[in-house]
Amino acid sequence: MKDGETVEQSRTRKQDACADFERELAAYLEGEERQSVLSHAESCEYCRCMLADLELIRSSSAEYGFEEPPARLWTNVRATLVAEGVIRQPASFWRRWLPVGGRGLLRSPIPLAAAATLAIAFVIFLKAALPFFRSRPASSSAAGIQPAAVQLASASSPAEGSASVQRTIKALEQEYYANAQSMQPSLQVTYQKSLQSLDNEIQECRVFSQKQPDNALVQQYLSNAYADKAELLQSALEYNLR
Amino acid sequence: MAQGEGAPSKADSESQLIARAQRGEEEAFAALFEIHKRRVYSLCLRMTADPAEAEDLSQEAFLQLFRKISTFRGESAFSTWLHRLVVNVVLMHLRKKGVQKISLDEVDNSQAEPVKREYGDDDRRLLGSVDRITLNNVIEELPPGYRAIFVLHDVEGYEHNEIARIMDCSVGNSKSQLHKARLKLREALRRDQKRLVRTGPPGRSN
Chain U
1 MKDGETVEQS
11 RTRKQDACAD
21 FERELAAYLE
31 GEERQSVLSH
41 AESCEYCRCM
51 LADLELIRSS
61 SAEYGFEEPP
71 ARLWTNVRAT
81 LVAEGVIRQP
91 ASFWRRWLPV
101 GGRGLLRSPI
111 PLAAAATLAI
121 AFVIFLKAAL
131 PFFRSRPASS
141 SAAGIQPAAV
151 QLASASSPAE
161 GSASVQRTIK
171 ALEQEYYANA
181 QSMQPSLQVT
191 YQKSLQSLDN
201 EIQECRVFSQ
211 KQPDNALVQQ
221 YLSNAYADKA
231 ELLQSALEYN
241 LR
Chain Z
243 MAQGEGAPSK
253 ADSESQLIAR
263 AQRGEEEAFA
273 ALFEIHKRRV
283 YSLCLRMTAD
293 PAEAEDLSQE
303 AFLQLFRKIS
313 TFRGESAFST
323 WLHRLVVNVV
333 LMHLRKKGVQ
343 KISLDEVDNS
353 QAEPVKREYG
363 DDDRRLLGSV
373 DRITLNNVIE
383 ELPPGYRAIF
393 VLHDVEGYEH
403 NEIARIMDCS
413 VGNSKSQLHK
423 ARLKLREALR
433 RDQKRLVRTG
443 PPGRSN
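Top to bottom, those sequences are chains U and Z.
At position 9 of the first sequence the residue is numbered 9 (our numbering), and the sequence of numbers has no breaks.
If you want our numbering, it's the position in the second sequence, counting the first as 1, plus 242.
There's no promise every hint is true.
Stated by the list, open to error - Facing chain U, from chain Z, some residues (calculated, C-beta under 7 Å): (1) 266; (2) 269; (3) 271; (4) 272; (5) 275; (6) 280; (7) 284; (8) 295; (9) 297; (10) 300; (11) 308; (12) 421; (13) 427; (14) 428.
Simulated from the structure, these hints should not be mistaken for laboratory data.
Ideal Cβ positions, reconstructed from N, Cα and C, are used throughout, including at glycine.
Next up, chain U with everything else stripped away, as it sits in the complex (with noise of 0.2 Å):
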């Protein structure tokens, strides 16, 4: 209290202070320059707490970071997108030469009559070779592979269920890294990133499976998390098979 003053106007007085820093607060936390706040704050306990707890939650906020989105995000987004036609599919061998119009070769006679020898080259060429490649086993291939959630799907047990999505998954991943070299880079380290946050996912549940093995809900996040897997690994695959 000031000399002089009475206790209702140190009352006043101080109500007055503490409304003028409450005005200046939101300038003042937003960086601009106000002495009046500071000085304020270092008589006034309440205001010198609320300073303080505001300026707490700005800096935890700056701190909080972003968030990883599920790997299937993109796979979704670009199914969609590709079947829209908003991302356009390279054109096929066969469209980019034997396009529908009358545009390339079936415009001229020579290269349709240079075609159709071939044509019928291939068709001789198949007859001859055909019983070779049907007594051969079945490949292994990217494109021999059967659709990851039919896979998936069709194992009848948990059991059977959990070894037929491994090894299924298995079969995708090898593939996958047999192919990943001609993959564009770009792509590469997008499809790399959600595998591996994948891979935590399921290392997590896989823990947590352990510790508490009739839990129901874990089992349904690691079989989600296998199917994510299986169907981001067939999705690399479908791309550089293009």
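Please arrange chain Z on chain U, whose structure you already have, making use of the hints.
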């Protein structure tokens, strides 16, 4: 300006990616997705506090973005354009869910309102630090309009002029809404803290 995380960091490389995406090139879409996915998903997550909803909304936002990318002419920063779209998708979703709409055009009276003072309170200051889970819970309590501005500014690091463009409001409005949001968060944090002091931490109540 808040930068997208990861490479490429330069605006010219992003504009090249946008130009390639406008031609329908998949690698460009994938690269743009990679640059912005964490920021977009995090914004949706902070706004909804539900990972499944955040995933659906991120997907919707990216689909809308890529469908409209051919109309992007570069008048504003790409990330501002993207975040405006994300905020619209999220707010539209919250409105559909019946969450009370907070108009950002309302006159802000917060400066005129005195802060509720509880003199004589012993535990006036928040303890030491605020952990992520606690902060998450109280952000969820904020009305959507405040929440969007708080998340964009204090969590995602956007400036008020960018937020004004994203949220279609004035810079002053963005500043005052942010201050109100922080005061509301403080109130909620102190309330939780008092509750914790009274009942003890979870698991020690009996």
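Hints, one by one, checked against the model:
1. 266: Given a least distance of 3 Å, the restraint on residue 266 of chain Z holds.
2. 269: holds, 5 Å
3. 271: holds, 6 Å
4. 272: holds, 5 Å
5. 275: holds, 6 Å
6. 280: holds, 4 Å
7. 284: At 4 Å from the nearest chain U Cβ, residue 284 of chain Z passes the 7 Å test, so the hint holds.
8. 295: Status violated, d = 12 Å.
9. 297: At about 6 Å, which falls below the 7 Å cut-off, the nearest Cβ of chain U leaves the hint on residue 297 of chain Z intact, so it holds.
10. 300: Check passed: Cβ of residue 300 of chain Z comes within 6 Å of chain U, closer than 7 Å.
11. 308: Hint on residue 308 of chain Z: holds, closest Cβ of chain U at ~6 Å, below 7 Å.
12. 421: Hint holds; residue 421 of chain Z Cβ to chain U Cβ min 4 Å, cut 7 Å.
13. 427: holds, 5 Å
14. 428: holds, 5 Å
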